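Asker: Now for the letters of each chain:
Protein chains: 2
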Amino acid sequence: METTEEGISDWRKKIDALDEQLVQLINQRAGAALAIGALKHQGQLPVYEPKREQAVFEHVRRVNQGPLPDHEIQHIFERIMDVMRSLQRRDQ
Amino acid sequence: METTEEGISDWRKKIDALDEQLVQLINQRAGAALAIGALKHQGQLPVYEPKREQAVFEHVRRVNQGPLPDHEIQHIFERIMDVMRSLQRRDQ
Numbered sequence: 000m001e002t003t004e005e006g007i008s009d010w011r012k013k014i015d016a017l018d019e020q021l022v023q024l025i026n027q028r029a030g031a032a033l034a035i036g037a038l039k040h041q042g043q044l045p046v047y048e049p050k051r052e053q054a055v056f057e058h059v060r061r062v063n064q065g066p067l068p069d070h071e072i073q074h075i076f077e078r079i080m081d082v083m084r085s086l087q088r089r090d091q
Numbered sequence: 000m001e002t003t004e005e006g007i008s009d010w011r012k013k014i015d016a017l018d019e020q021l022v023q024l025i026n027q028r029a030g031a032a033l034a035i036g037a038l039k040h041q042g043q044l045p046v047y048e049p050k051r052e053q054a055v056f057e058h059v060r061r062v063n064q065g066p067l068p069d070h071e072i073q074h075i076f077e078r079i080m081d082v083m084r085s086l087q088r089r090d091q
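Those sequence lines, one after another, are chains A and B. Per numbering that gives the first Met the number 0: the first sequence = residues 0 to 91. Per numbering that gives the first Met the number 0: the second sequence = residues 0 to 91.
Hint data in this document are derived by calculation from the structure and do not stem from the laboratory. The structure displayed is predicted, hence computed values, not measured ones. Be aware that a few hints might be false.
What the hints assert, rightly or not - Chain B stretches covered by chain A per the calculated footprint, using a threshold of three residues with CB under 8 Å from any CB of chain A:
1. 26-36
2. 42-51
3. 55-63
4. 66-72
To be verified - Cβ-to-Cβ under 7 Å is the rule here; a few derived chain B residues that face chain A:
5. Met0
6. Gly6
7. Asp9
8. Asp15
9. Gln20
10. Arg78
11. Met80
Stated by the list, open to error - SDA-like, lysine to any residue: derived pairs with alpha carbons at most 25 Å apart:
12. B:Lys50 / B:Asp69
13. A:Lys12 / A:Pro66
14. A:Lys39 / A:Glu52
15. A:Lys12 / B:Lys13
16. B:Lys50 / A:Glu19
17. A:Lys13 / B:Leu17
Ideal Cβ positions, reconstructed from N, Cα and C, are used throughout, including at glycine.
So that you can see chain A by itself, here it is in the shape it has in the complex:
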């Protein structure tokens, strides 16, 4: 029978694999944000667009099927959006 420690260790291996996928997807998202930043810069459009940020939050809440509640999903995406915005600014 598996001990508590072995059980935790097995779940952590699964988490590590998920984290590797998350890092990749977040970086793909950052690449897309940089492309948008370049287009905005070229078109002299503002980096910060509150309406788009709201649309992103509504979208992730809508597709969320848990176990995380919608507000916690949004909480994570608020940080993601902060990071993307600072990346776009730094790239100008």
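Starting from the known structure of chain A, arrange chain B on it as the hints suggest.
Answerer: Showing chain B alone in chain A's frame:
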């Protein structure tokens, strides 16, 4: 030729698709965190383990290939870990 607005709109569709994958993976991670939380509760182990959190940050920095710098990846995972910890606490 594509206008700036069309270009931005295309990238946003790609971002929306990435966000749907991110929501799914984050929830899979939450499911694993809940399983660990239950094992910890059963074994009377503490929810907060600073060493494990440090190992998660080191891992995501190590596998990061950009364009996001390591500290921004960690910044996002700090929020993810906050959310996971509050989920584990709420589940007791």
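Asker: Are the hints correct? Go through all of them and say.
Answerer: So, going through the hints one by one against the coordinates:
1. 26-36: holds (count 10)
2. 42-51: Coverage by chain A holds for the segment 42-51 of chain B (3 residues, Cβ < 8 Å).
3. 55-63: The restraint on the segment 55-63 of chain B holds, since 5 of its residues have a Cβ under 8 Å from chain A and three suffice.
4. 66-72: holds (count 4)
5. Met0: Result: violated, 13 Å to nearest chain A Cβ.
6. Gly6: With a closest approach of 5 Å, the Gly6 of chain B hint holds.
7. Asp9: At about 9 Å, which exceeds the 7 Å cut-off, the nearest Cβ of chain A leaves the hint on Asp9 of chain B violated.
8. Asp15: With a minimum Cβ separation of about 6 Å from chain A (threshold 7 Å), the hint on Asp15 of chain B holds.
9. Gln20: 6 Å, holds
10. Arg78: 4 Å, holds
11. Met80: 10 Å, violated
12. B:Lys50 / B:Asp69: 19 Å, holds
13. A:Lys12 / A:Pro66: 20 Å, holds
14. A:Lys39 / A:Glu52: Holds: Lys39 of chain A and Glu52 of chain A sit about 15 Å apart, inside 25 Å.
15. A:Lys12 / B:Lys13: Not OK: Lys12 of chain A and Lys13 of chain B at ~29 Å, beyond 25 Å, violated.
16. B:Lys50 / A:Glu19: With a Cα-Cα distance of about 19 Å, the restraint between Lys50 of chain B and Glu19 of chain A holds, given a limit of 25 Å.
17. A:Lys13 / B:Leu17: Given that 25 Å is the threshold and the Cα spacing comes to 21 Å, the pair holds.
The structure fails hints 5, 7, 11, 15 (numbered hints given earlier, in ascending order).
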